[in-house]
Structures are given as structure tokens and as C-alpha cells.
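Colleague: These are the residues of each chain, in order.
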Amino acid sequence: MPNENGITGAVARAISRSRRDFLRAATGAALFSELPSLRAQRMSPRRKVVVVTFGGGARDDETFLPDGRENIPHLLGELIPGATFFSQVVNRGILGHYVANASLATGAYETFNNFAAVPPEHPTVFEYFRKDRRRPATDTWVVAPSNGFNRIGESDHRGYGQGLGAGVILPKRLLAAALSSKLHGNFQHLLRDNYETPMYAPELSGRQFELRQMDDILKLSVDAFTEHATSLASPDELSVYVARQLMRQLAPSLLWITLHDIDIAHSGTFGLYLDAIRRTDRLCGELWRAIQDEPEYKDKTALFILPDFGRDSDMNAGGNGFQHHRTGDAVSRTTWMIAMGPGIRQNTVVERPVEPTALVPTIGAMLGFTASLSDGRELAEVL
Amino acid sequence: MLPRDLQAAQFHAYPPEARHLAIAHLELLRLLPVCFVPLLLREVIAYDWKFPAERAGLDRQFRYLDALKAGEVDSLMAPFARIHVSSDIEAVDWVNLPSQFSEKLTAHLWATHQIDNFHAAATDYVHKLDAAQKPEPLPTHRLAVVVIGQGVSENSYRLFRKLRREGVYFPRVKPRDGLSAILEVVSKRAKEHPVPFGHWYIEGGTLDPAAHPGIACVSYDSLQGVRDSLVERVTQVMQPGGKGPEYARTMLAAMRPSDVGMNEADNPVLTRFQLSLLTEGSGTQLYSTTFVQWTAREVLRRAQPLTLLARFAPRRKERTMSELLQESGGRYTLDPIGSLVDADMGAWYTWINLQRLSGSQDSRLLVWFENHSEAVATGPDLPRGAESRDPVPVSKLVSSLA
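These protein sequence lines are chains A and B, in that order.
The opening position of the first sequence corresponds to residue 1 in our numbering, with each subsequent residue numbered one higher.
The opening position of the second sequence corresponds to residue 384 in our numbering, with each subsequent residue numbered one higher.
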């Protein structure tokens, strides 16, 4: 494990300080520790939470450090000035995308095989919420571009599990099903979405959304869906489009969107990796604006944006820089998180180290449930 | 099985030199921890196809370990011995399948939160190994030349962002006959220092090896058939109902040149190396820029050359989702600007990997934006973070570094 008192801890703190100092200079952000005590307003029962994973992992070199800032104008210019920014989020789990995202969703470090289509072992945030608050299935949704994420909505925990999870929409899978067979050959490329193992497409199981439900639930015809898809540049754009449809039609209280375009970095093409970071940055801005535009969400929604983890340092001989996240070094483990919405301080930096497992209990405190099996602790700074 | 149970007969499937090496050090291998020996054998089993520098490194490692007393071996290996390895991983036939063992061990280390302890143990071991050995003197300093931006007419991307800090930025080089001048320098160094696998030319497009005697040549285009064959095989395994990603890794690790139509009779070491670029590298099968960057990394890491020329070519353009939906196939178009961005980063990684080799304090690097007037150079006689606006021909620049 990274040692807080050793080199790894020092690197994580240095990364955090760099982010903190930059934001203080660029946006005039205040340190949370410097602010007077202020009891933030608690979420009302009608509050909603949207979680966006800035995936699949970007480094500070290409985001918060000087050379990278041009890639995240929406985070820096629109979102962070209105947010509490956690500058040192240290992921101590397995750095594979599915298992790491599942760990985010359960608030416990999952240890299953990253490439297996298995459910998380611990209850997910969706199960806690639905069980404790007696919420219907339509009130929690996951939108994920990668086929490998189809089991993320529901654990196999005995006390929770079947029937209590979130609906999972895999927009690319929907698209493939919706399109005519004459284009099938091309879709093999389109479906190549798990860049850790190119072309991985496990068999689907779990409570994923089916094509025939599109009209019933999203109020979207197959033709309209496919026509819109032809105007989009990437799978993450399709995910955001579907998320917006969900917000309009069902207004779920808990919406989880995993973005994944950035993981094109596994191909080793730095230019495509930068393109994906810029696109993800733009999509995060669009989602925040969508929250402001939707009456069901405006002024009652907390938005969390965080990477699942980072990527390897250029200087770690065990890796190949930005391409992978295999070394487990401090750069690949140390990320950040944006929290914004009513009752959350604006333009504020929290520099104490926190772990991503804190997200689920924090959402629990906001939405009124207890994440009893989570390893994390609530983030008091946003409650 | 545990290392203490090793027997000479278990190495009968190893290639001849690898078998000899393993059996010669059998007593030593029996003393080492189970999470260490298979990783050492992963290197040993490929000994017959390793570059001279790699063989020398492995020989040195055995000499170092042989020279230790029993108590010293225990002390050196203690961090590895503390790693808990499950019985099902120990049960893997790690003598004959050390790569499979490595895959399973890696997953186990992540799942049991031991990966950082293992990395720390490995890093400490390498440092002790390096400290105990004096590197062999080089016949000349190392030189790497990276040529980027082929096919780009206009560029607004700020090049050499990281490398400028390490050397001199030249914004007014004279590009005329630059590539031929670079090739001439590489050829001259190969003639003056005829070291096997000591001089390399990596090309993102096409090249004729016969035109570069004494230079190990690798090109993206020459491996197209192999690339296509590998992509097809992996695609089949990854289809729904296929055997999945872990099988794909195993399949690739076990791949032999003949499996994908490669003839290794003439130069088995180079052929095996080329295959490894495609079976171990991620993205090397699809993108020429990734191929060149990864090949340069592997050449530096494994062959430890005196001279390296890496020339990037435009990779294919990644199609947007809308393009994928609206097109029914056909040839890929090229993306020269995106490739320039890739190559710029690739040049930075080449510099980093050059610094990891012996003699790094004396090595030189030139990166040139092909047919344009921008270049950056690093070396012991060049200041860091400087800029020279003198109009200097590429030929003069590369000669000054040679």
C-alpha cells in the first residue's frame, strides 16, 4: 500500500499542493481549513445526486499542470470556481477500470477480476439508496459506455443484491442492437470500448436496459436514437445524450455516468488521449448546464466529478507514461474530486487526503441512507 | 511447486542455451523465493533469442547472486519472501510457463494489496544489483535521433514542451537534406563501431534493410501481414462467446514467429524481437506512431544501442463514431497533425529511456520536425532550457552530436 510517511505519500502531497496552489492563483480559491465554520444546508429529501467519472483516468500533466490546463477549460473556468475541490483523492485499490468504478460505487475496495463480468461483492450506492429510502427502480440509473460495466448497478450481497440495484444503460450496446445488420462489420470497431484489452465484449447479463425499453422509458424511438448517434463524435457523447434523456423523462434521484473515452490512451496515441480529455472536459460542462436547465434538477442537485484513478508517471520505468495505469505509483493513484451544488462551498480547496471510498457514505448523508458496509467516511466538508 | 523442489530434468523443454544457463544455476534457483524465481526464469527461457546486452545483463545478475553467501541471499530476498503467494499460483507450471505465472501473480498482488510491497522489493533489488556492478565502458557515447512530423505542412501545436527544458531549442534549422544527413551519420557510426545490434533504424513507414548495412532495421509497413494476422486472432478470441482477454494474453505470450508467417531462419533474434513488439505492445498493431515509440523504448531497454534513429510516420486517423456509422468500411485516412502530437511525446519518452542506460551523462539526443525548421538537442555540452536562433543546417547539428 502507498505509505503516507514514505516517498509515495510525499509524491501524493506534492501533487495535491501543486493543484491547490494553481487553483488559489487561478481562481482565488480559498482553503477549506482557512474558512470559518459554516453549517452547510442539509439536502432535502427531494435532493438529487449526479456522479460523473472523468474516465478512464487522466494525469495532472495533461490537466492541472501548466502544459495541460489548455485541455480542461470547462473544469477550470466553469466548474471549479463554483465547487469544493478535493485536491488529494488517493485510490488504494486495484487500478483496473471496472473494478475501480465498482469500488467507487460500493464505497469499498473491490478485489474481483477486472475482466470478469461479475457483480461487486459489496452493496452498491444504488442498493443502499433504494432499500433505505424505499425508492423504485426508476430512481437510480447508471450510464456506461463499456460493455464490461454491465454488472456495476447491483451487487450479489445477500442483504441487498437482486432487484435492488440500478438500471444500467450501455448506449453503445443499444446502438449496435438498433442498427441494421448491413453495418455490422463496422460496429465491431465501434464496440471496442475496453482499451485495457481491446475488443473485449463479454456476454451481457444483469439488469441492463434493453432496446425495447427505449421507447417506454426514454420516450425515444429507435430511429431518433440512431439518427442522433450519427451526429456524435464518441461513445461518451452518446452516454451524455442518454443521460440527458433520462433526466428529462425519469429525473432519477441518483444518476451515475461513467465516461471512458480517455482510456484510448491505452492505444499509445497521445494526440487521441488529449482529444478525449478535452471532450470529457466539455461534456462535464454540458452536464452541469443540463442540471441547471432541468427544473427537476436545478438548485437541488449535487454533482460529483472524479477520475476513477490516474495514469502512470513518465518517470516510472515499470510503465510507459500516460499509456497505462499498471505501476500503482503515486501519480496513478492520486486524483481529485469536484463537488458542487446547493449547500456546497464554492471556490474552495480541501487539501487533506481522502479516499474515493468516501463518496458513497457522503452521498448517503445527502440522500438519507446509511452505507453500512462501506470502508469510507463521510466528507464533512460538503455536508 | 516450490523452488527448493526444482530438478534439472524440468528444464528439458527450454532452448539449448537457456537450459544450460538454468541447470548451471540450479542450486542458486532452489534458494530463491517462489515469487522471484519464475520472473527470473521468464528471462532465462528466452535467453537464446536475447540481444547481447540482455545476455550480458542476465549473466551479470547470476554472477552477482552466485557470489553471495547463503545468509546474504536470504537477506537480499527477504522482501520477496514476505510476499504471500497463494497455493493455486504456486501450482502453475512456472518452469515452463513463467509468463503465465507472472500474469497470475500480478493479479494476485493487486487483489491482495501487495503490489506496492512487490514494486518496492523489485526496485530495491535492482538498485542493489546495479550498485554492485560497474558498467562496461562504451566504445562511444550513445546517440538517439528522433524524426517527427512527416507529412505535416502547417502546425500550431507547440513542440518539445518537455524537452526544451533539457537542452537547446533550435527554431531556425535549415531542413534541406536533413534526413539523408542523419542517415549518413547513423551509417558512419555503425561502420566505426560495428557492435551487433548496436545501431538501429526504426521506421514508421517503409524502409529497405539492405540499404542500411550494419544497422538493425524495423519498420511498421514490413510487419503489416503479421499485424493483420494478430489482430484477426485477437478479434476472434474477444468476440462474445470467445475465450476472453486473459486467454488472449496467454495466446499472445505463447506465439511463435511461424504461427504468424514470420521466417526466423535468417535472424531469429531480430524476428523474435519484432514479434514481441506486436504481442507485448498495446496499440502497436494499429497505430504506426505507437509502434515507433514502443519499439524505440524496447530497443533502448533491451538492446541498449549506441545509435538509434526513430522516424515517425503518419498514423491512421481515428474515426469518430459518426464516421463509423456512416461509412461502410474502406481505407483509413491519415492524421499527420495528430501523429505529430503523438511523436512529440514519443520523442520525450525516448529521451527518458535514453537516460536510463549506462553512459547517460554523455548521451545525446536530436529531435527534428522533418522538413521544417524546428529541432531540439540535448547533450553534455549543451545548456538546458536554452534557445539558439542561429540558422544551422540539420546536417551540421547531427554531426555535432555524433
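Bear in mind the hints are in silico, worked out from the structure with no lab data behind them.
Treat the hints with care, since some could be wrong.
[Unchecked claim] One side only, chain A facing chain B, incomplete, derived with CB under 8 Å:
| # | residue |
| --- | --- |
| 1 | Ser221 |
| 2 | Gly319 |
| 3 | Asn320 |
| 4 | Gly328 |
Backbone N, C-alpha and C fix where the C-beta goes; we use that ideal spot for every residue, glycine too.
Colleague: Each hint should be assessed against the structure and marked as holding or not.
Modeller: Tested hints:
1. Interface restraint check for serine 221/A: the shortest CB-CB distance to chain B comes to about 17 Å, outside 8 Å, so the restraint is violated.
2. Restraint check, glycine 319/A versus chain B: the minimum CB separation of about 10 Å is more than 8 Å; hint violated.
3. Taking 8 Å as the C-beta contact cut-off toward chain B, the hint placing asparagine 320/A at the interface holds, the least distance being around 6 Å.
4. Hint status for glycine 328/A: holds, given a least beta-carbon distance of 5 Å to chain B, under 8 Å.
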